Amino acid sequence: MTTYPSAPRARLAPLTKLPAPFLAAATAGVINPAWRKVVITVKPYPMMTCGDEVLLFWHGLNSDAEPYRHEVRRFITERHVGRDVVFVVREPHITELDGGSLEISYQVTSKRLPATLVSQPLQLDIGDVSLQLPAAVANDAVGGSLDPARVPEGTCVTIKPYSRMAVGDRLILIASNDSRAVWRDVLDIEAHAVGREVAFWIDHSLIAPHEGQSLSLTYVVRRGHSVRRAEPMSLHLGPLRRPALKAPRIAGLNAGGLDVDGLQEGVSVVIDDAGLEAGELVWLQCNGSYAHVAEREITAATAGQALTFVVPAAFWQDQRGRSVHLFYQVERLDDVSQHSEWVTVQVRSETKS
Numbered sequence: 000m001t002t003y004p005s006a007p008r009a010r011l012a013p014l015t016k017l018p019a020p021f022l023a024a025a026t027a028g029v030i031n032p033a034w035r036k037v038v039i040t041v042k043p044y045p046m047m048t049c050g051d052e053v054l055l056f057w058h059g060l061n062s063d064a065e066p067y068r069h070e071v072r073r074f075i076t077e078r079h080v081g082r083d084v085v086f087v088v089r090e091p092h093i094t095e096l097d098g099g100s101l102e103i104s105y106q107v108t109s110k111r112l113p114a115t116l117v118s119q120p121l122q123l124d125i126g127d128v129s130l131q132l133p134a135a136v137a138n139d140a141v142g143g144s145l146d147p148a149r150v151p152e153g154t155c156v157t158i159k160p161y162s163r164m165a166v167g168d169r170l171i172l173i174a175s176n177d178s179r180a181v182w183r184d185v186l187d188i189e190a191h192a193v194g195r196e197v198a199f200w201i202d203h204s205l206i207a208p209h210e211g212q213s214l215s216l217t218y219v220v221r222r223g224h225s226v227r228r229a230e231p232m233s234l235h236l237g238p239l240r241r242p243a244l245k246a247p248r249i250a251g252l253n254a255g256g257l258d259v260d261g262l263q264e265g266v267s268v269v270i271d272d273a274g275l276e277a278g279e280l281v282w283l284q285c286n287g288s289y290a291h292v293a294e295r296e297i298t299a300a301t302a303g304q305a306l307t308f309v310v311p312a313a314f315w316q317d318q319r320g321r322s323v324h325l326f327y328q329v330e331r332l333d334d335v336s337q338h339s340e341w342v343t344v345q346v347r348s349e350t351k352s
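Read in order, the letters of the sequence shown are residues 0 to 352 in numbering that gives the first Met the number 0.
If you're looking for bench data, these hints aren't it; they were derived computationally from the structure. No false leads were mixed into what you were given.
Between beta-carbon pairs, the in silico distance windows are: (1) N286 with T350: 21 to 27 Å; (2) G274 with R73: 50 to 56 Å; (3) A27 with A134: 28 to 34 Å; (4) N31 with R195: 26 to 32 Å.
Small disclaimer: the values here were computed from a predicted structure and weren't measured. Ideal Cβ positions, reconstructed from N, Cα and C, are used throughout, including at glycine.
Model the full structure from these sequences, guided by the hints.
Here you go:
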């Protein structure tokens with residue numbers, strides 16, 4: 000049996016940071032995204048012991064600033080006490096972060112340590128990284144407008160994860176009016192925030208005095224002497240003024256009439272230029288001898304697009320010789336309900352109903 004002499008626990012304080020991992024192949028802090036693998040080395044650490052667990056963190060942000068996480072676990076055997084610990088990360092985890100940024104670190108768990116120890120991070124880029132910062136997002140704004148009356152308690156401004164996000168970054172959110180700063184706030188990025196959305200809370204008292212005006216919201220990321228600035232977001236403070244909704248468009252309509260003899264596939268009803276946003280709800284109602292109602296929730300993929308409902312052929316067949324009145328309604332994100340113009344369709348058929 001192999002025994003190891005005990006060591007005083009005072010040699011390592013619980014918050015001691017181990018040295019960053021080593022990646023020899025990276026050139027000027029950049030990994031080539033075409034590499035099939037990278038080899039990462041963790042140097043021997045104090046009180047290295049058989050049975051220790053070394054957990055490598057490969058955490059990054061891709062080219063769209065979306066988090067990507069990969070972890071590799073190794074255990075220290077008798078033969079490897081006092082030797083380098085080698086990790087190999089393969090191509091799929093490299094290409095996932097092409098055009099993004101990467102932070103590699105590790106933690107050590109050991110029966111001889113007073114607490115789990117973590118390393119300093121190694122920060123790298125993978126390929127060509129865009130330094131453009133995503134614009135801030137006002138959570139309660141709709142169509143670029145924020146009505147102070149809807150947020151009497153205040154509102155949030157969200158910053159999405161950005162390339163090279165790291166501990167120690169200082170985010171400065173600035174609101175200006177006619178190029179004059181009216182207020183600002185500061186957030187320091189800690190380890191728990193890296194790769195995640197962060198938010199600033201904006202008190203109602205900072206919004207209400209500017210009702211009827213437009214504010215420009217931007218933020219800067221300061222790290223040491225380096226400063227990066229996001230594109231400004233223009234925010235009108237007041238209710239959103241929307242144009243009236245157009246009437247729905249019915250495929251096959253001829254001089255106000257719809258011939259239904261031989262109709263089998265249903266009739267397309269198209270909603271154009273409604274300025275639909277993700278999360279809004281659209282209702283279509285067709286009133287004849289009975290009502291046909293359909294609804295659709297707008298997603299990020301369908302926002303801003305024309306919306307098509309297909310009203311079943313059976314409904315139209317049941318309305319032979321009658322008038323059908325159609326309209327649609329949009330439930331907006333700011334709790335406004337908009338009602339379109341009506342369309343009247345004469346349902347024609349040579350067959351009696």
